[in-house]
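Following the hints, complete the assembly by docking chain B onto the known chain A.
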Amino acid sequence: GAGVSQSPSNKVTEKGKDVELRCDPISGHTALYWYRQRLGQGLEFLIYFQGNSAPDKSGLPSDRFSAERTGESVSTLTIQRTQQEDSAVYLCASSLPGAGASSYEQYFGPGTRLTVT
Amino acid sequence: QKEVEQDPGPLSVPEGAIVSLNCTYSNSAFQYFMWYRQYSRKGPELLMYTYSSGNKEDGRFTAQVDKSSKYISLFIRDSQPSDSATYLCAMKGGGATNKLIFGTGTLLAVQP
Numbered sequence: 012g013a014g015v016s017q018s019p020s021n022k023v024t025e026k027g028k029d030v031e032l033r034c035d036p037i038s039g040h041t042a043l044y045w046y047r048q049r050l051g052q053g054l055e056f057l058i059y060f061q062g063n064s065a066p067d068k069s070g071l072p073s074d075r076f077s078a079e080r081t082g083e084s085v086s087t088l089t090i091q092r093t094q095q096e097d098s099a100v101y102l103c104a105s106s107l108p109g110a111g112a113s114s115y116e117q118y119f120g121p122g123t124r125l126t127v128t
Numbered sequence: 011q012k013e014v015e016q017d018p019g020p021l022s023v024p025e026g027a028i029v030s031l032n033c034t035y036s037n038s039a040f041q042y043f044m045w046y047r048q049y050s051r052k053g054p055e056l057l058m059y060t061y062s063s064g065n066k067e068d069g070r071f072t073a074q075v076d077k078s079s080k081y082i083s084l085f086i087r088d089s090q091p092s093d094s095a096t097y098l099c100a101m102k103g104g105g106a107t108n109k110l111i112f113g114t115g116t117l118l119a120v121q122p
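Each protein sequence line maps, in turn, to chains A and B.
Numbered according to the numbering used here, the first sequence spans residues 12 to 128.
Numbered according to the numbering used here, the second sequence spans residues 11 to 122.
Looking at chain A on its own, in the form it has when it is part of the complex (with noise of 0.2 Å):
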């Protein structure tokens, strides 16, 4: 089946503008993760959706950065008044529900290149 995927691939926008990226999780993987990679970094957690529990958005670095999910579906990380230090590579990823093993394998997308000029 179709494995995660996220779009748009690569976006180029102006500081101050509004960005919006998609993410369309593997059917069934009730759980949905946000991750930030900046250049020659790890992955920094941004928020988790798990079903219909309050979202996990401990790691959102400032109020500009929001994310929706509907249902057990798409979802979308909105970055309002971009800065410079936000252009990263954003990585989106589901896994199958619970606390067990199962969980612990997160499907990655190919992430969206963000570069704001």
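It should be emphasised that the hints constitute simulated quantities derived from the structure, not laboratory data.
Hints are not guaranteed to be accurate.
As the list claims (entries may be wrong) - In silico BS3-like pairs for lysine-lysine, Cα to Cα no more than 30 Å straight-line: (1) K52(B) - K68(A); (2) K22(A) - K109(B); (3) K12(B) - K80(B); (4) K12(B) - K68(A); (5) K52(B) - K109(B); (6) K77(B) - K68(A); (7) K52(B) - K26(A); (8) K28(A) - K52(B); (9) K68(A) - K109(B); (10) K52(B) - K22(A); (11) K80(B) - K68(A); (12) K28(A) - K68(A); (13) K109(B) - K80(B); (14) K66(B) - K80(B); (15) K12(B) - K52(B); (16) K22(A) - K68(A).
What the hints assert, rightly or not - Ranges of calculated distance between the beta carbons of each label pair, as one might list FRET restraints: (17) Q41(B) - A65(A): 19 to 29 Å; (18) G70(A) - Y61(B): 16 to 26 Å; (19) R92(A) - S78(B): 38 to 48 Å.
What the hints assert, rightly or not - Covered by chain A, per the in silico footprint, the following chain B stretches (three or more residues, Cβ under 8 Å): (20) 12-23; (21) 50-60; (22) 108-119.
For every residue, glycine included, the Cβ atom is placed at its ideal position computed from N, Cα and C.
Chain B in isolation, oriented as in the chain A frame:
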């Protein structure tokens, strides 16, 4: 101090060599330890995971966890050019959240 430290490399080895990749961590609450492989311009993919201390082997790959030293390793035997990628360690605690804490990744190049 970062919760997870990983030598960024790059690490260059000849084909057939044994590769050792390592991470150290500071949070004693971490119980689950994973290694992801990331090819250039792709998302990471899970290679192996282990729970608590001990060894786990899968083909040419062996993962080791030493919780007393807060140190984890990934060994690759008979390395191949196709193993050339960035290897990221990742960890999570025992709580309800599945948030993973990643190392910075080690870039590995296996020369044919």
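Exercise for the section: Just pull the numbers of the violated hints for me, sorted ascending. Expected result: none
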